[in-house]
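S.K.: Chains as they are written, first to last, in the working numbering: chain A, 1 to 352; chain B, 1001 to 1352.
Worth flagging that the hints you see were computed from the coordinates, not collected in a lab.
Do not rely on the hints blindly, as some may be mistaken.
As the list claims (entries may be wrong) - Label pairs and their calculated CB-CB ranges: (1) A:265 - B:1269: 33 to 43 Å; (2) B:1061 - A:176: 19 to 29 Å; (3) B:1054 - A:76: 37 to 47 Å; (4) A:54 - B:1054: 15 to 25 Å; (5) B:1055 - A:182: 38 to 48 Å; (6) B:1028 - A:15: 45 to 55 Å; (7) A:292 - B:1054: 45 to 55 Å.
Unchecked claim - Partner residues are not named here, just some residues of chain B that face chain A (Cβ under 10 Å, in silico): (8) 1108; (9) 1285; (10) 1308.
For clarity, every value in this text was computed on a predicted model and none was experimentally measured.
Glycine is no exception: its CB is placed at the ideal position from the N, C-alpha and C atoms.
There are 2 protein chains.
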Amino acid sequence: MTDGVEILPVRGIGDVTPGDDLAALILGAAPWVRDGDVLVVTSKVVSKAEGRLVEVPADGPEREAARAQALESETARVVARRGPTVIVQTHHGFVMAAGGIDASNVDKTHLVLLPADPDASARALRAALRARGRDVAVIISDTMGRAWRNGLTDVALGAAGLPALRDHRGEIDPYGNELQLTQMAVADELASAGELVKGKSDQVPVAVVRGIPGVGQDDGVGAATLLRDGASDMFSLGTAEARAAGLRDAATMPETLPGGIVDPQAVDRALVTVAEMIAPGTLVRPAEVLPENGATAGLLVTPPGTSAADLVRLGADAQRLRASLAAEGIASASLPHEDGLLLALSAAGGVR
Amino acid sequence: MTDGVEILPVRGIGDVTPGDDLAALILGAAPWVRDGDVLVVTSKVVSKAEGRLVEVPADGPEREAARAQALESETARVVARRGPTVIVQTHHGFVMAAGGIDASNVDKTHLVLLPADPDASARALRAALRARGRDVAVIISDTMGRAWRNGLTDVALGAAGLPALRDHRGEIDPYGNELQLTQMAVADELASAGELVKGKSDQVPVAVVRGIPGVGQDDGVGAATLLRDGASDMFSLGTAEARAAGLRDAATMPETLPGGIVDPQAVDRALVTVAEMIAPGTLVRPAEVLPENGATAGLLVTPPGTSAADLVRLGADAQRLRASLAAEGIASASLPHEDGLLLALSAAGGVR
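If we strip away everything but chain A, and leave its shape as in the complex, we get (with noise of 0.2 Å):
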C-alpha cells in the first residue's frame, strides 16, 4: 500500500488540433510532472491529436445521417436499444452509449471518436513523454455509463506502464482466510480519481496522480485486459433485446435432441407455466420414448377431441409447451401418436 495519493490537475493544455505533439503540450502545461506519476488523460484530447475526428454538417437531417453513419462504423455490434439510446459494442470492444462518439468540447462542424488503439496511444504518449524525460504511466481515460447505477465515472480505455489489474486472489486475511474475489480494476479507479479534479469542458483534460506503486519500467498488457469477453459476460445482451432473441429462439426451435439427463421438477415448472394457456381438457403425461435420437424423457399430449380445430390447437399447445420446455433448459422433438402428439425430451445446453 501507499502512504497516500495526490491527484493533481493539469491547466493550460488549452485547444488541441490534429498533429500536436501531447507530449510537449502537457510538460508545457504541468513541467512539475516528475518519475513514477501515473498520468489520466482524457481520451478526448488523444483523438484530437491524432485526428480522429469525422467532418458532419453543423445541423439538420444531414448532420443526424452523419452521425448515424458515424456510429454505425464503429459499431461491432448492438448491445441494448431504447429509445433514442443506442448501447453499442465498439470494434474495440467496448461498451458504450453512442459508440463512444462526442459531439462535445468540438466545433460543430466534427464529431469525435474515440482513439483507434488507445493502449498503443497510451504506450506511444508514454514513450515521448520518456523521451522528454520524464518516465510515467499513462492511463487514456473517457466516461462510460454503467448497469444498475445512475450517473456515469471515468474509466480507462488504454493504459501503459502499469497494471491494469491488481490481483489480491490467493491472498490471506487477517483470520486466515484466503482472499476469494478480487482482481481490482486500478487502471479504472485511477482514471475515476483523475476525473475528480477534471471537468466536463476539457479544461483539464490531464491529471496527475502520484503516490501510486507498480509504475514500472513494461508498458504492460494495457486496458484491454478490463475487456471482458462474450462467453463470460453474463449482460452481453439489454434485457429486451435478451428477451426478444428468446422469442426467437421459440420461432427457431431445432427438432433435435442433445441427449442430456431430464429434471422431472424442471418438466413440472415447464407444464406450470403453459397450465393456462392449453386448451381445457387437454391431457399431458409422462409416456415412454425409445431412447434413439437423444430422447431420455417423454410427455404424451392428447386434445380433447379430434376436429380440425382441435388438431390445429393441439399443434399450438404442443409449441407451448417446448418453449416453456426451452425456457427450463429442455429440448424436444414432435413425434406423431395415435393418442395425440408425443414430445421426445432431453435436457439441452442451450439457453441454461
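Knowing the structure of chain A, use the given hints to seat chain B on it.
M.R.: Chain B only, in chain A's frame:
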C-alpha cells in the same frame, strides 16, 4: 473544480467489533482529519460495528447451507446465475454477487452482511464525527463487479454530506455546445479513489479524501440516488435469464391485441426468421381482418394439405410465426378460417 486532491490512508484502526464507536476509532487513528474532508469507509467495518453478522459453522455442508440461507434473506430478486456465481439485487437495491455477503476479514464462524441502511449509517457516522468536532462527508464503500468489464471497483453504498451525483447538464462547453450526458457519479468515483490507498485485508478500512469541493451542511439525498430503478435499467436481467423469459413469453403469449399500427417491414422480418421452419408448401399471405378487437393487419396461413398431421403442424407453425412476430413487437390472435388459420395482428408494447 479543485486545486488538487489528496487521498490519505487511515491505519491502526484495528479489529472492529459489534458496538464499537467507529467515530472514536477513526479519530483515534487519524486525529489529523479536518473539516471538509471526505471519509471513505469500507462497509465491512460499518457492518461489524453495527453487528450485521451472521453466525455460521466454520466448515462443512452446514456452512454452505447457512450461507445459502443468508443469501436468500438478503435477496430481493435473482438477476443472473452462472455456475457458482449468483448475482442478486438486494433489498437495498444493490446488484451484487452473493448479495454483498462476505466471509473475508472476519473469523470463520461469521459472515458479514451489508449495513441494513448504508445511507443511514453514513449519516449516523457523520453526526458522530461532527459531535467530536469534525465536519466531514462520509461515504460507505464496497467492492462490486460490473457488466462488460473485468475486475472490480469500489462504489458508494451510502453517502452523507455531499451530493452523490454531480450534474453537468445544461452547461456550455467552450465551443458553445450544451453538454448532454453527464451526471457524474462522484460518490462512486470517490469510493474508487479511496480504494487506491486501501488494501483488501482491511488493515486500511478508511481513506480520507481531501480537497473535494461541495462538502455541505446537509446530509443530502445519499447514495440511494445512484440506484437505477428497474424501469430505466436496460440490464435488469442476465442475458441467459432474459432469453429464458422470452421463451416463457412465447409459451404464454396471450391472444389479445393492443391495437397499434403494424409495421409491414417488421412482419417481413418475422416471416424471414421462421421461413425455414414452416412446413414446405405452406402459404402465408396478407389478409383482410375486421378491425374489431384491435386488429390492424392480418396474415392467412394455409397448410399444404388437410390431413391430421397437416393440421397439427399448422397449429405449431402458426405458433412459431406468432413468437417471431412477438420478437418484432407484434401481437397476434389466431382465428379460424376456411383456408387454414387467420392471424389478426397489431403492434404491441410488449417486448420492445
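S.K.: Looking back at the numbered hints, which does the structure fail to meet, lowest number first?
M.R.: 4, 5 and 9
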